[in-house]
Structure formats: structure tokens, C-alpha cells
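Sequence order for the protein chains is A and B. Mapping the first sequence onto our numbering, position 157 (from 1) lands on 157, and the numbers just tick up by one. Mapping the second sequence onto our numbering, position 75 (from 1) lands on 75, and the numbers just tick up by one.
The reader is advised that the hints may include incorrect statements.
[Said to hold, decoys possible] In silico lysine-lysine, DSSO-like type, Cα no more than 27 Å apart, as pairs:
1) A:K164 with B:K2
2) B:K113 with A:K250
3) A:K122 with A:K108
4) A:K170 with A:K256
5) A:K122 with A:K170
6) A:K260 with B:K116
7) B:K2 with A:K3
8) B:K57 with A:K138
9) B:K113 with A:K258
10) A:K256 with B:K90
11) B:K90 with A:K250
12) A:K165 with B:K121
13) B:K90 with A:K164
14) B:K113 with A:K256
15) B:K113 with A:K170
16) A:K170 with B:K116
17) A:K2 with B:K2
18) B:K2 with A:K250
In case anyone wonders, no lab produced these hints; they're calculated from the structure. Remember, predicted model here, so these are calculated numbers, not experimental data.
Below are the chains, spelled out letter by letter.
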Amino acid sequence: MKKTIFLFILFSLTIKPQTPNPLYSPENVRKFADYLFSGKDYLRSVFEYEKLLQYGKNDTIEFKIPVAYQLMEQYDLALQEFSKINKESVYYNESEREYYKTLLLSDKYEELQNKLFGNEVKDYQRLLYLSYLFNPVKVPDEQNFLNIFPSSEKRNLQNFFDKKKDPPYKSSLLAGLFSALIPGSGKIYISEIGDGITAFIASSLFAFLSYDNFRANHNFRGWLFSGIGFFFYAGNIYGSVAAAQIYNAKVDYQYKEKLKQYLNDKNYFMERNDFIK
Amino acid sequence: MKYFYIIFVLLFFSTNLFSQTDWEKWGKAETDYTIKDNYRHRNYNFNSDNAGNFVVKFFANAYWFFVSDLDGDNCPFRPSCSAFFVEAVKETNIFQGTLMFFDRFTRDTNVFKEGKYPREKSGHYYDPSSLYTLSGKIYYIPVNEITAWE
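Use the sequences and the hints to build the structure in full.
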């Protein structure tokens, strides 16, 4: 009897196993995933959406997963997931559009241009022309470019187009030449006024020290200060050329950032997916 | 049969014998509260690809050992001017590296540096030698961005 009771108690746990937690029902997982998505916690929302796909195919979820990747700037994953969506899906057209937009976002301009060249759909033509604004080589015809966009946006786009066509770069050669003529002037040319004045003072100071020591027949000190002064002078010419390159890199960076911000605000001139909150 | 039950019960509850002790759970943690100072974790080795690099490294090591480490962390830049010089010579050559160093030294002397360079978490200005090699490939870092060089 004792043995029976003992065994009954011992194995009683297995008689009544844990029931499934209602929190993990597909409906609740979906609600949680949507909550995470709307809270911009895209990584965890993808994790929850993927759980739901185990219960069966769902067009909305299949579309939201790559959108989440795109919003996380995980562009390769987004492209991979967008390309999986087939023609039977309700969101096939949207996913194709988002696929091309992701190509633009991920700086794959040439691939985008190869795929969209000759496409008659207006959204795609706009994406194609926008990609030219980022591409370092090609510049499209101005009128063709502007005509494809709404007239209210032409002024902004004209600004971007002009900056793309004729960026406000500074010449490295001129910067170097200026600094060779007057130490520091190359830096002032590229708006580094403090550095320019410092370079002028350093070079002039060592030149004066050298001259003064030679005049006083202190030849060793004269040569020492000449040598140091020469390196300050030559270093400044070199630095002016380098600073011009950095300035131009800054111009490119700021242009791209402003353009990306502008296009993001306009959703790349594409229709917004209202169901995605 | 009696022994079987005893062995069974012993095996079943044996996990309790190896449970976590309070000592392990609540034991005093050995925490080091000193500020991590990477500045003095210098690379003093003399490994160099050529004679020029060796000479530069020799002078840099001597400067670090006899002057900089005693003087303290005074360079507002990262890498510091001496480390910049070593890097510059490694990336280019002794002549170009020297020009890069004198340019950096001039920029260091300029007191108006605020808002011109991105900063590190430590507050130092981030200004790597790779920006000045004239290679044409510049990875521009905006001024308002905080870098993680250390």
C-alpha cells in the first residue's frame, strides 16, 4: 500500500501536465508582434512574426518581415525576404516596389539602374532618376529628371540636381598653391581659419628665428630653426591639400545625408503603406 | 526490493546534494573601481618593416617612456600626436609621415578645435592618420558623431 501511495505521489506530476499558455496563442503572438513593430522594436517583432508563419502562410506577415528588416537597415535580409514574395501574394506589387526602394537605400545604384532601365511604371521611373542623384558617375538630362516629379517638389529637386552636377568642392591644387605662396592661406581658403593663422604664425616664427640666428652668426641654431621651419612650411602645404580632400568628402557626405533625409520624408515619392504603423 | 526503493529515492533527490550554495550566490564580488586608462597601455615593441619605421618607433618609444608617460595624458587628440606620427609613417613613408605629423602638430597648436573633429567617449578629438594619406578614399565621420576608438 505504502509503495502504491509513494509511486502515485512520485508520478502524479506527469498525470496532469502543463496546459498550453494562452499567452502564446497565435492571436496573442500576433498582437504582441504588432505591438513590437509599432514600437519600432523591429528585431523582436520579426522573431514573433516568424513564429506565426509556422501556423500557416500569411501575406501580411510575409510582407511585414522584410519591411521590418528594411527599417532596421538590414538591407540584404530585406532584399532576400522581399524577393521570396511571389505573385499570388496580395502584397506582390508593394513588395516589388519596396524591393527596388531597398536597392536604392542600400546604395546598389547600378543594380537598380540595370533592373529599372526602360520600365514605364512612374514609381519605378522616379526611383531610377533618384538613383542618378546618388550615383557618382551618371547625371541624367535635367528636364527629363524634373518632369517626372510633382511640380511642388521641383524646386527642392532642382537644388539637389544642381549640387550633384556642380558640387561646391574646393580645389586641392589651389589649397596647396595658396599655402606655398603664403603659409596658412590654403587652410583659410578651405575655411579652416584657425589652422591657417596657426600655420602662418608657426612658419613665420621659425623663419624669423632662423634669420635672426644666422644674422648673429649662430649657424647651428640657424640651421636647426630653418629645418624645423621647413617642415612646418611643407607640412602646411601637405595639410592644406589633405584638408581640401576632407572638405570635399564632407560636402559629399552632407549632400547624401540631406538627400536621404528629404527622400525619406517624401517616402521616395511612393505611396505609403497605411496598414504599417 | 527495499534496497531498490532506497537507491531510487536517493537517486531521485540526489540533485539537491549539488544545489547552489548561498556562499556562491552571495559571495563578495571582486570589483575593480579604478578607471581604465588605455592611454598608458602603449605598444612599446620595436617590430618594424623597415629601417625608417624602426627609427620612428625608437624615438616614439623614447618619448613615451621618458616624457609622455610621466607628463600625463595631455594631447587632446586620439591617436595622440606621437602615435599619429608612428601610424602615419607606417601607412605612408618617413617623409610623408613627417609632413603629416607637422600638419597635425600645427592643428594641435590651434586653440580653436571645438566643433571641427568628432569626439570619442573620453572627450578626445578623433583624428586618425588615415584621413591624411591623400589616398582619395576618405571615410568621413561627422563632427557630432561619437566614435569608439578606444
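So, going through the hints one by one against the coordinates:
1. A:K164 with B:K2: Violated, at roughly 91 Å.
2. B:K113 with A:K250: holds, 17 Å
3. A:K122 with A:K108: holds, 20 Å
4. A:K170 with A:K256: Judged against 27 Å, a Cα distance of about 18 Å means the pair holds.
5. A:K122 with A:K170: violated, 37 Å
6. A:K260 with B:K116: holds, 23 Å
7. B:K2 with A:K3: holds, 10 Å
8. B:K57 with A:K138: Outside the cut-off at roughly 46 Å; violated.
9. B:K113 with A:K258: This hinted pair holds, its Cα atoms lying about 25 Å apart.
10. A:K256 with B:K90: violated, 32 Å
11. B:K90 with A:K250: holds, 26 Å
12. A:K165 with B:K121: Measuring from Cα to Cα gives roughly 38 Å; hence the hint is violated.
13. B:K90 with A:K164: Violated - the C-alpha atoms of K164 (chain A) and K90 (chain B) are around 36 Å apart, more than 27 Å.
14. B:K113 with A:K256: holds, 25 Å
15. B:K113 with A:K170: Measuring from Cα to Cα gives roughly 21 Å; hence the hint holds.
16. A:K170 with B:K116: holds, 17 Å
17. A:K2 with B:K2: Answer holds: K2 (chain A) to K2 (chain B) is near 12 Å, not above 27 Å.
18. B:K2 with A:K250: Violated, at roughly 85 Å.
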